[in-house]
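**Student:** Residue-level listing of the chains:
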Amino acid sequence: MTTSSDRPVPDHVGDPGAVETDLLRFLGKRTGRIWTADADVFGSGGLSSLFAMELVVHLERTYGIAVRGSDLRMDNFRTARRMAALVGRLRGAAGDGAGA
Amino acid sequence: MTARSGTRAAGRRLAVLGAGVMGTGIAALAVGHGVAVALADPDRRRLDGARARIGHQLRTARLMGALPQDTEEGALRTGPSLAALVAADGADLTAVVEAVTEDPGAKAKALAEVSALLAPGTLVVSNTSSIPIDELALATARPEDLVGTHFMNPPCLIRTVEVVRGARTGAATLDALRDLLAALRREPVVVADAPGFVTSRILHPMINDAVRVVAAGTASAEAVDRLMQGCLGHPTGPLRTADLIGLDNLADSLWVLHGRTGEERCRPSGLLLEMVRAGHLGRKSGRGFYAYDHTYEDEFECEGEQA
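Sequence lines, in order, name chains A and B.
Counting in the working numbering, the first sequence runs from 1 upward without gaps.
Counting in the working numbering, the second sequence runs from 1001 upward without gaps.
One or more hints might be untrue.
[To be verified] Reference listing, derived: stretches of chain A covered by chain B, where coverage requires no fewer than 3 residues with Cβ under 8 Å from a Cβ of chain B: (1) 23-29; (2) 71-82.
[As the list claims (entries may be wrong)] In silico lysine to any residue, SDA-like type, Cα no more than 25 Å apart, as pairs: (3) A/Lys29 / B/Ala1087; (4) A/Lys29 / B/Ala1219; (5) A/Lys29 / B/Lys1109; (6) A/Lys29 / A/Ala52; (7) A/Lys29 / B/Met1228; (8) A/Lys29 / B/Thr1122; (9) B/Lys1109 / B/Thr1122.
[Stated by the list, open to error] Computed Cβ-Cβ distance ranges for the label pairs, DEER-style: (10) B/Gln1069 / A/Thr21: 28 to 36 Å; (11) B/Leu1227 / A/Leu50: 40 to 48 Å; (12) A/Ser49 / B/Ala1119: 38 to 46 Å; (13) A/Thr21 / B/Ala1278: 45 to 53 Å; (14) A/Leu50 / B/Ala1083: 44 to 52 Å; (15) A/Asp38 / B/Leu1227: 24 to 32 Å; (16) B/Ala1088 / A/Ala85: 21 to 29 Å; (17) A/Glu54 / B/Ala1119: 41 to 49 Å; (18) B/Ser1081 / A/Thr31: 20 to 28 Å.
Please keep in mind that the hints were generated in silico from the structure rather than gathered at the bench.
Given the structure is predicted, the values throughout are model-derived calculations rather than measurements.
Yeah, the Cβ is synthetic: ideal placement off N, Cα and C, and Gly gets one too.
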C-alpha cells in the first residue's frame, strides 16, 4: 500500500497549473527535451509506452494519490494537462476522507 | 489446432517455478486472464517480493489495455517449492511452467522435481531463451510431456510466443500448450529445437555486437539505439532491449549459444561481463546501459490482488 502521508507533498500542490509545470519539468528532465502541456508524450517520436507506468508511479509518489480502476488507462497520461487534471481530481477525492 | 477463446481460463491452475523476471511475468499474464497460479521459489526474499511485482505488472498491463476487462483475476498462491504447493493444494494442475534461472543445471534440477511430483500427461513447459529442449528433456522422466516456450518480457504486453517443439515432444503436449496459450490470448509460433531457437539466435549476437560497438567508443548506447530505431525500425534499440532482458540473463544466454555453436561472436563481450559483475543488470536492478528511476524490487501498491 502506498503510504502517501509519509511522503512530502509540494506546497503548491492544490494548484493544477503548478502541477502541470512540475510535470513538464519532470518530463524534460527524464527525456532531455522540452514538452508543452498538451503534447502527446507517447505520440510519434515520443516516449516508449514502457515509460507510462513510471509516470503513474511518479504521480502517485509525488502527489500522494492512488490511481486505480478505470483511471488506470493511457488516455489519462498522454499529456501533462491530462495528468494534472487527474492529480487534481484524485487529490480532491482523497481530501474528502482526510482527517480520519 | 484448437479453437481460440478468451473465456476458457476458469478452472485452470498453473504452477510457475521461479519468481524472477520471467516467472513473475508469466504468473501475471495468467492471473490477469483469470488463471489461478501457484508460484514457487526457494529464495524467500524473491518470493516475498513476487506479489508486489506481479501487482505492478498487472497494473502496467491494465494501463496499456492489455488485459481482458471483464475477467476476474486468478488467485495467486506462493510457496518455497512445487512440493510444498502440491502438498497444500493438491497436484491437480493444468500445467507447470519452469522459469528458473537460465542455467542448464538449475533447469534440469527443477524438471526432475516436476517429473517426480506430477502425473504422466501433465503439460510441462520450460521457458528458456536459448537452452535446447532436447537437452532439458534428458532431466525428465517423460520427455513427451515437455515443450519449450520463449516468452518475451513483459509477457502481458507481447502477444507472440516462440514455442519450441523438441524432438521428443508429444503431439498431445503441443496441443495442450496451444490450448493454454489461447486461454492467455497469446499467439504461438512453433519452431524446431536449436540453441537459441530463432529469436535469441538472431537477436543476442546482435546485442552483443552493439555492446562491442559501445565498448570500442564508436558510439554511445543512446546513439546506437537511436540509429537502430530511427534508421532500421528496431522498436526499442538493442541496448534498451538488453536492459529489459537483464544483462545477466543475456550473458548466460550468450554462453549457451557460444558453447553450442562455437561462434566467437556469441562470446559475451568484456563490457557486458563487467557490467554484470558490477551488478548493473539493466531495468530490474535500476541501472544498465540506461538509468531507471526505480526497480522491480521497489514496493508498489498491488491493485486488484485478491489472492
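**Student:** State for each hint whether it applies.
**Tutor:** For each hint, the structure was consulted:
As drawn, the region 23-29 of chain A meets chain B at 0 residues by the rule of a beta-carbon pair under 8 Å; below three, the given contact is violated. For the region 71-82 of chain A, the proposed coverage by chain B is satisfied: 4 residues have a C-beta within less than 8 Å of a C-beta in that chain, meeting the threshold of three. The suggested pairing of lysine 29 of chain A with alanine 1087 of chain B is violated, with an alpha-carbon distance near 51 Å, which exceeds 25 Å. Restraint check for lysine 29 of chain A and alanine 1219 of chain B: the C-alpha separation of about 22 Å stays at or below 25 Å, so the hint holds.
With a C-alpha separation of about 46 Å, the suggested pair lysine 29 of chain A and lysine 1109 of chain B falls outside the 25 Å cut-off, and the hint is violated. Annotation: proposed proximity of lysine 29 of chain A to alanine 52 of chain A holds, straight-line Cα distance about 15 Å (limit 25 Å). Between the alpha carbons of lysine 29 of chain A and methionine 1228 of chain B the distance comes to roughly 24 Å, so the proposed pair stays at or under 25 Å and holds. For the given pair, lysine 29 of chain A sits about 51 Å from threonine 1122 of chain B by alpha-carbon distance, which is inconsistent with the 25 Å threshold.
The straight-line distance between the Cα atoms of lysine 1109 of chain B and threonine 1122 of chain B is roughly 18 Å, inside the 25 Å bound, and the hint therefore holds. Restraint check, glutamine 1069 of chain B to threonine 21 of chain A: a C-beta distance of roughly 34 Å satisfies the suggested window 28 to 36 Å. Roughly 20 Å separates the CB atoms of leucine 1227 of chain B and leucine 50 of chain A, a value that falls outside the hinted 40 to 48 Å. Distance hint for serine 49 of chain A and alanine 1119 of chain B: a CB-CB separation of about 42 Å, consistent with the stated range 38 to 46 Å.
At about 37 Å, the CB distance of threonine 21 of chain A to alanine 1278 of chain B disagrees with the hint of 45 to 53 Å. Hint check: leucine 50 of chain A to alanine 1083 of chain B, Cβ distance near 36 Å, so the stated range 44 to 52 Å is violated. Between aspartate 38 of chain A and leucine 1227 of chain B the C-beta distance comes to about 30 Å, which sits within the given range of 24 to 32 Å. Separated by about 47 Å at the C-beta atoms, alanine 1088 of chain B and alanine 85 of chain A break the suggested range of 21 to 29 Å.
Under the hint 41 to 49 Å, the C-beta atoms of glutamate 54 of chain A and alanine 1119 of chain B, about 44 Å apart, fit the expected range. Roughly 44 Å separates the CB atoms of serine 1081 of chain B and threonine 31 of chain A, a value that falls outside the hinted 20 to 28 Å.
Taken one by one, the earlier hints fail for this structure at numbers 1, 3, 5, 8, 11, 13, 14, 16, 18, listed in ascending order.
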